[in-house]
Amino acid sequence: MYNSGKIIIGIIIFLGLITYPFWRNVGKAATPPKLEVGTQEKQCVEPTAFMKSSHMQLLDQWRDEVVRNKKRVYVSSTGKTYTMSLQNTCTKCHAKKSEFCDRCHNYVDVSPRCWDCHIAPVEQQQQAARGDK
Amino acid sequence: MDNTRRSFLKIAGLSVLGLGAKPVGEALAQGAQPKVEPFPNAKVGKRWAMVVDHKKCLKAKDGCKDCLIACHTVHNVPSFDNPKDAVKWIWLEPFEHAFPGQENKYIEEYIKVSLKGLKMVVLCNHCDNPACVRVCPVQATFRRDDGIVAMDYHRCIGCRFCMAACPYGARSLNWRDPRPFIKTELNREYPTRMRGVVEKCNFCAERLAKGQNPACVDACKEKALIFGDLEDANSEIRQVLRTNPTIQRKAHLGTRPEVYYIL
Numbered sequence: 001m002y003n004s005g006k007i008i009i010g011i012i013i014f015l016g017l018i019t020y021p022f023w024r025n026v027g028k029a030a031t032p033p034k035l036e037v038g039t040q041e042k043q044c045v046e047p048t049a050f051m052k053s054s055h056m057q058l059l060d061q062w063r064d065e066v067v068r069n070k071k072r073v074y075v076s077s078t079g080k081t082y083t084m085s086l087q088n089t090c091t092k093c094h095a096k097k098s099e100f101c102d103r104c105h106n107y108v109d110v111s112p113r114c115w116d117c118h119i120a121p122v123e124q125q126q127q128a129a130r131g132d133k
Numbered sequence: 001m002d003n004t005r006r007s008f009l010k011i012a013g014l015s016v017l018g019l020g021a022k023p024v025g026e027a028l029a030q031g032a033q034p035k036v037e038p039f040p041n042a043k044v045g046k047r048w049a050m051v052v053d054h055k056k057c058l059k060a061k062d063g064c065k066d067c068l069i070a071c072h073t074v075h076n077v078p079s080f081d082n083p084k085d086a087v088k089w090i091w092l093e094p095f096e097h098a099f100p101g102q103e104n105k106y107i108e109e110y111i112k113v114s115l116k117g118l119k120m121v122v123l124c125n126h127c128d129n130p131a132c133v134r135v136c137p138v139q140a141t142f143r144r145d146d147g148i149v150a151m152d153y154h155r156c157i158g159c160r161f162c163m164a165a166c167p168y169g170a171r172s173l174n175w176r177d178p179r180p181f182i183k184t185e186l187n188r189e190y191p192t193r194m195r196g197v198v199e200k201c202n203f204c205a206e207r208l209a210k211g212q213n214p215a216c217v218d219a220c221k222e223k224a225l226i227f228g229d230l231e232d233a234n235s236e237i238r239q240v241l242r243t244n245p246t247i248q249r250k251a252h253l254g255t256r257p258e259v260y261y262i263l
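Chains A and B, in that order, are what the protein sequence lines are. For the first sequence, the working numbering gives the first residue as 1, with consecutive numbering after it. For the second sequence, the working numbering gives the first residue as 1, with consecutive numbering after it.
Source of the hints: derived by calculation from the structure; they are not laboratory data. One or more hints might be untrue.
The calculated lysine-lysine pairs, modelled on PhoX-like cross-linking and capped at a C-alpha distance of 25 Å, are [unchecked claim]: (1) K35/B - K92/A; (2) K71/A - K46/B; (3) K71/A - K35/B; (4) K35/B - K52/A; (5) K65/B - K183/B.
Make the full structure from the sequences, and use the hints.
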């Protein structure tokens with residue numbers, strides 16, 4: 001092989017550069033974003049752990065029940081009743097979309113299309129400017 | 001040898017039973033399960049329908065558009081300047097467009113003289129045999145058991161088969177993001193639509209669920225729009241249909257439209 005020395009050194013440098021983000025962060029956990037719930041309410045419609053892991057399934061269920069089955073009230077496992085509505089129930093507590101929904105969705109790199117149609121809650125100007133990506 | 005096989009089967013059977021018992025036990029052990037139910041004061045009907053009484057429409061002030069404005073405000077319906085882009089839930093149509101094939105010289109004279117050239121109020125007919133539902137490839141549009149032809153905007157892929165199928169022009173595609181074109185005050189309790197989604201009148205399903213009448217019906221000061229349950233023989237709409245001759249739009253097509261007109 002011609003110029004093997006240069007090539008091998010080049011490959012090593014290249015691999016080093018391209019894997020830099022991995023060994024730079026090895027052993028360190030990425031810091032999850034800090035979410036602003038924006039409410040004094042202690043409990044969401046279901047326990048926090050369930051909401052964290054399964055709010056998307058819950059919202060899908062809500063959508064199907066409201067749109068297809070004419071059911072609009074959700075009686076949660078705690079016995080409380082809620083109107084099944086992203087726009088009229090969820091955002092009443094989670095009133096800071098940019099500091100709650102967006103922060104986590106950006107962190108996990110998902111882009112749900114809820115807000116293409118559903119109207120996001122009004123946030124104060126300053127917060128909106130800061131939170132938008 | 002026999003004995004060994006016997007005991008093997010016994011143990012195997014018991015193990016399977018044991019495995020099956022676990023999920024059953026878990027299901028029984030769980031406490032209150034979440035439930036869903038309708039609003040307690042929801043309007044319940046078997047066959048919602050509407051009567052448009054144009055004789056009452058006559059009494060309104062000239063160019064009255066109360067029902068149109070109410071509907072389009074409540075549902076955040078955009079208004080595009082180009083008629084090709086128009087999004088319509090309830091709108092006005094000249095007689096010969098609303099009722100093609102039913103016009104003749106004298107009815108034209110009647111419209112011109114007696115009805116003062118009034119335009120017809122038209123909306124989705126919420127057909128009993130809806131062509132749009134048949135053609136939708138993703139079941140985004142469907143007929144509810146109370147007769148309302150509803151849409152699940154989440155599922156619509158914007159193929160516009162329903163627009164081709166609907167003989168009433170009651171469906172509109174959002175060719176572009178409708179949000180900047182909502183000229184009325186935004187109703188923050190109702191969603192908008194997005195680009196590439198078809199939309200239509202929903203007989204105010206969201207208001208019926210709360211026990212209210214459709215927005216257009218409530219907005220009409222002359223009570224020209226009568227909404228009710230056809231299956232309820234004592235309802236106001238049945239009373240109106242009993243005492244007035246009515247016509248439907250393009251009934252010969254077999255869609256069984258459920259909006260009736262008094263001229």
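Hint by hint, here is what the structure shows:
no. : hint           : result
1   : K35/B - K92/A  : holds (21 Å)
2   : K71/A - K46/B  : holds (16 Å)
3   : K71/A - K35/B  : holds (10 Å)
4   : K35/B - K52/A  : holds (20 Å)
5   : K65/B - K183/B : holds (15 Å)
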